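**Q** Kindly generate the complete structure, drawing on both the sequences and the hints.
Residue numbers (my numbering), protein chains in the order written: chain S, 1 to 416; chain F, 417 to 676.
Please keep in mind that the hints were generated in silico from the structure rather than gathered at the bench.
Since we're looking at a predicted model, the values are computed, not measured.
Errors might be hidden in some of the hints.
Unchecked claim - From the derived model, a few chain F residues whose C-beta atoms are all more than 10 Å from chain S:
1. ASP423
2. ALA456
3. GLU459
4. LYS460
5. LYS469
6. LEU497
7. ASP589
Claimed, not checked - Partial pick of chain S residues on the chain F-facing surface, computed with a CB cut under 8 Å:
8. LYS34
9. PHE98
10. LYS366
Unchecked claim - Pulled a few chain F residues facing chain S out of the computed Cβ check, cut under 10 Å:
11. LEU528
12. GLN532
13. PHE576
14. TRP585
15. TYR638
16. ASN643
17. ILE644
18. ASN649
19. LYS651
Heads up, the beta-carbon is just placed ideally off N, CA and C, and yes, glycines get one too.
Residue strings, one per chain:
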Amino acid sequence: MSDRIIQKLEILADAAKYDVSCSSSGSKRENKNKGLGDAKGMGICHTYTEDGRCVSLLKILLTNYCIYDCAYCVTRRSNDVQRAAFTVEEVVDLTINFYRRNYIEGLFLSSGIFKDPDYTMERLVRVAKKLRTEHNFNGYIHLKSIPGASDELMQEAGLYADRLSVNIELPSEQSLKQLAPEKNTADIEKPMAAISQAIRQNRNEIQVFKKAPLFVPAGQSTQMIVGASPESDWQVMQKADQLYKSFGLKRVYYSAYVPVMEDNRLPALSSAPPVLRENRLYQTDWLLRFYGFSLEEILNQQHPDLSTEMDPKLTWALRNLHLFPVDINTADYEMILRIPGLGVKSAKKIVAARRFGKITLEHLQKFGVMLNRAKYFLNCPGQRYQLGELSESDIKRRILAQAEGRSGSRQLNLFG
Amino acid sequence: MTHFVYDGSFEGLLTAIFEVYERKADIVRIIPASQYQPDAFSEKIEIYPDETKANRVWKGLQKKLSVDGLTNVFSCYLSELPDREELILEFCRLVFASDDKVEENYGSPIVLRVAQIGRQLFREKHRFEAFVRFGQLQDGTFYATIDPDFNVIPLIISHFVTRYADQAWIIYDIRRKYGIYYDKTEVQEVRFDFSPLAQPGNASPETYDSREDLYQLLWQAYFKSVNIPARRNMKLHRKHVPIRYWKYLIEKQPGKPYRS
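**A** What follows is the structure in structure tokens.
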């Protein structure tokens, strides 16, 4: 019996791993009546895979039997893989026992579509309901909402889940037609709109009645596969920007396409997943959400793709040298945040500390600012570079030479 | 030079700071008794922890510091760094001497260092919220040992108490030889005398619940299956999970049962 459950877990974790979301933060669910678990506050990564991704949740499919045949998906109907299905009880038992041992923050449950969307969604909801009502489990639950499932089921799911997500899958309708002919954008965006509407309504209710039940307290997210279809970075980010704006999403995840089977509509099996491109898209996403950039400043008609050589903030700064150098002792927080090599924490430190006295280059070094980049773009006591002394290409050459010298190979850091 | 020798407790340290002010002592060192060496040229003053005096210092700090600022002071104490007493005293002097929010004056080396040590402790605390691995003992208690760089137990208690409210558990710091035991009602400090045969890491299989091995195997299988070999990046892996923490992680020791 134990061999069988291990084998099922291997199959159904393997099939779920291409869904990149593993966030467990931002919920408001607290431990109640001395139950098990607590999902408020920061997310926790309990471990990391050997590819460096956070493992926060038990991320599995309920089953990998599927009636659809999406080209990019390992679980597609026509793919010859081992199939398995968990029972509701098995998922509940795994979640509880992993959680009690502090292996995980909670459960991320998705599924292949078996029979029909409602039948599938009903099972997912049943797992969440059992955890919440029979086991008083207050850990984090992320449920996949199955496109095409009824509004009632979606509504019920939202009462037990901390997060719901529907994957947009591909950046354009055209690519979806090409690679997932049984799906269409309207069907995918319809539940997104419904969830977003219900979340808004719930937040209003909570303002009136403090005790109104939580509905998807950690919000909704989605995922886009990049590199399986021909869209430019600009198109990808336009789609993301639109999703953030129209549905108030918490996160858009970008997933570098990992070739899983031979198909003439897709990159060859031997091609490497575009992880650097994925990293640049996340950096751009961050600049839009936390650094006050607008999409058009980074990507536009003249610049439809992100540089692979340089991160998007540095690229933007080099295109806009007329705005630099920034005097860190007088400039606004917003402008300081735009200096390459300097993040939110350092920018806040600078603005707080300069009330007490001038901030010098030596201070910046101690704050942990990446001076090998930042020094070309700022002004402060101790600064050796003069305004206009170096051209765009000089600066670029120096920064890249230094980065190469330091690491020997290109690094994948989220912030540069 | 005046030496204020205290018992090593946080309350003792705050009492010592109270006495430094009370006696208007200028050139001082605050030293834990365990490290004190008599010195012919210095006066020694012995400090006994005094709740009232310690509270007055803490209340004074509370008036001038944010919650993060207060946590940073406590974190400096837990860091066990050799100059922690000097640093905390200097920081207090800055705080009490000014009406401004001195904790944000990062241009001052003392303020910056206190903030940085606070950050370091926060990171270590967060790591142990993540990397603690419980094994279920035969009597149902969930047991984990840790060996952290800093004394993080005081910082992680409330996290584990709210989360695991319905199970008994023990987290034991094997370096500092103390732990915390939660019995589903309250937390108490515990100290064990391990017999030579039952040193941490050597517990016999019978000590554990009969299903413990199965969940460990399942977790190891899960960890292996979620990996995407085409994206392998060990440098990033090690950045997030530094090698010194691998010894706690069941998933990093495949094929053998993990015994706390």
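**Q** If a hint holds in the structure, say so; if it doesn't, say that too.
**A** Hints and how they fare:
With a closest Cβ-Cβ approach of about 33 Å to chain S, F/ASP423 is found to remain outside the 10 Å limit, as its non-interface label requires. Distance to chain S confirms F/ALA456 as a non-interface residue, since its nearest Cβ pair spans about 38 Å, more than 10 Å. The claim that F/GLU459 is not at the interface with chain S holds, since no C-beta of that chain comes within 10 Å of its own (minimum 35 Å). Once the 10 Å rule is applied to beta carbons, F/LYS460 is consistent with being away from chain S; the minimum gap is 36 Å.
Residue-level check passed: F/LYS469 sits 30 Å from the nearest beta carbon of chain S, beyond 10 Å. The non-interface label for F/LEU497 is consistent with chain S: the shortest C-beta to C-beta separation is roughly 17 Å, beyond 10 Å. Every CB of chain S is more than 10 Å from the CB of F/ASP589 (nearest about 16 Å), matching its label as outside the interface. Interface hint at S/LYS34: satisfied, since its Cβ lies 4 Å from the closest Cβ of chain F, which is below the 8 Å cut-off.
Residue-level restraint check for S/PHE98 holds (minimum Cβ-Cβ distance to chain F is 6 Å; threshold 8 Å). Satisfaction of the interface hint for S/LYS366 is found here, the shortest Cβ-Cβ separation to chain F being roughly 6 Å, below the 8 Å cut-off. The criterion of a C-beta within 10 Å of any C-beta in chain S is met by F/LEU528, whose closest approach is roughly 6 Å, and the hint holds. Evaluation of the F/GLN532 hint against chain S yields a held restraint, the C-beta minimum of about 9 Å falling below 10 Å.
For the restraint placing F/PHE576 at the interface with chain S, the shortest Cβ-Cβ distance is roughly 8 Å, inside the 10 Å limit, so the hint holds. Given the 10 Å rule on beta carbons, the hint for F/TRP585 holds: about 9 Å separates it from the nearest Cβ of chain S. Hint status for F/TYR638: holds, given a least beta-carbon distance of 5 Å to chain S, under 10 Å. For F/ASN643, the interface hint holds, the least distance from its beta-carbon to any beta-carbon of chain S being 4 Å, beneath 10 Å.
With its C-beta approaching chain S no nearer than about 5 Å, F/ILE644 sits inside the 10 Å limit, and its interface hint holds. Interface restraint check: F/ASN649 against chain S, minimum CB-CB distance 5 Å, threshold 10 Å, status holds. Below 10 Å, beta-carbon pairs count as interface contacts, and F/LYS651 has one with chain S at about 8 Å; its hint therefore holds.
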